[in-house]
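Student: Here is what each chain is made of, one letter per residue.
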Amino acid sequence: MHSTQNAESPESKNNRLDKEIPSSVKVISEPLDPWQEITTFQSEYLTQGEFGATATFVGTMRDFNEGDDVTGMTLEHYPGMTEKQLQEIIHEAQHQWTLNGVLIVHRVGPLLPGDPIVIVACWSAHRADAFEACRQLMEALKSRIPFWKKETLSDESDRWVEKNTDGYTS
Amino acid sequence: MGIKVKCFASMREYLDLSEREIAIDGITTVADVWRCVAGDKPMPENTLCAVNQTQADTEFNVSAGDEVAFFPPVTGG
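So the protein sequences, as listed, match chains A and B. Residues 1 to 170 (the numbering used here) make up the first sequence, in order. Residues 1 to 77 (the numbering used here) make up the second sequence, in order.
Keep in mind the hints are simulated off the structure, nothing from the lab. Ideal Cβ placement from N, Cα and C applies to all residues, glycine included. Some hints here could point you the wrong way.
Stated by the list, open to error - Taking lysine-lysine pairs in the BS3-like style, the calculated list, with each CA pair at most 27 Å apart, reads:
id, chain 1, residue 1, chain 2, residue 2
1, A, K150, A, K163
2, A, K163, A, K142
3, B, K41, A, K163
4, A, K84, B, K4
5, A, K19, A, K84
6, B, K4, A, K26
7, B, K4, A, K150
Stated by the list, open to error - One side only, chain A facing chain B, incomplete, derived with CB under 10 Å:
id, residue
8, I38
9, T39
10, K84
11, K142
12, W148
13, Y168
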């Protein structure tokens, strides 16, 4: 699943409330290459010179959680609601910060330790907007977007991850 | 036209229900939808509900053609 909004015209780039910025939301079941995704989005939707800051977050699967060794994970989501709510948090972010573009890609299906799970990338003229929007988008994704993880442990049992921690307080 | 009900993750296992269409008769709110599909099983305290892919509380009114979903707290990212 992949939705991309059209790039805005150069003359409207400072009028962030009137027009949606270029954004891409993808939920994929194949391996995720963060740097390729970022490079592709940037070359496809952004103009060299218009942005001065790119903040990226890459979430990667650990091999431990809650004191246990984790050997695998399966991620599921709510098709349709996931994409709709990801677009919503991007919409909120572009009203809070001045951004040139936002990319969010999230894996679903079976994963192994070391596999990238998620990327959030924000482009802006200045670092403060890029950093803060990237952080806030990631926290919004963790707390609001309908994805669920089921972990497999070293004794081959599995368990649902019950909740995400609040990244601002933990 | 009835109401499409979807359950995800541990909720799907708890109710042994992935997706089901129910009749609108006797259904007014999300809580009514729960009683229809869950019977006597109580709704776990941390359950999240969505109507037409937007989160809603259990007293939210539903209509024929709506999609209602039940799921546990989200754990992506």
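Student: Are the hints correct? Go through all of them and say.
Tutor: Against the structure, the hints:
no.	hint	result
1	K150/A - K163/A	holds, 11 Å
2	K163/A - K142/A	holds, 9 Å
3	K41/B - K163/A	holds, 22 Å
4	K84/A - K4/B	holds, 18 Å
5	K19/A - K84/A	holds, 18 Å
6	K4/B - K26/A	holds, 25 Å
7	K4/B - K150/A	holds, 25 Å
8	I38	violated, 17 Å
9	T39	violated, 22 Å
10	K84	holds, 5 Å
11	K142	holds, 4 Å
12	W148	holds, 4 Å
13	Y168	violated, 14 Å
The structure fails hints 8, 9, 13 (numbered hints given earlier, in ascending order).
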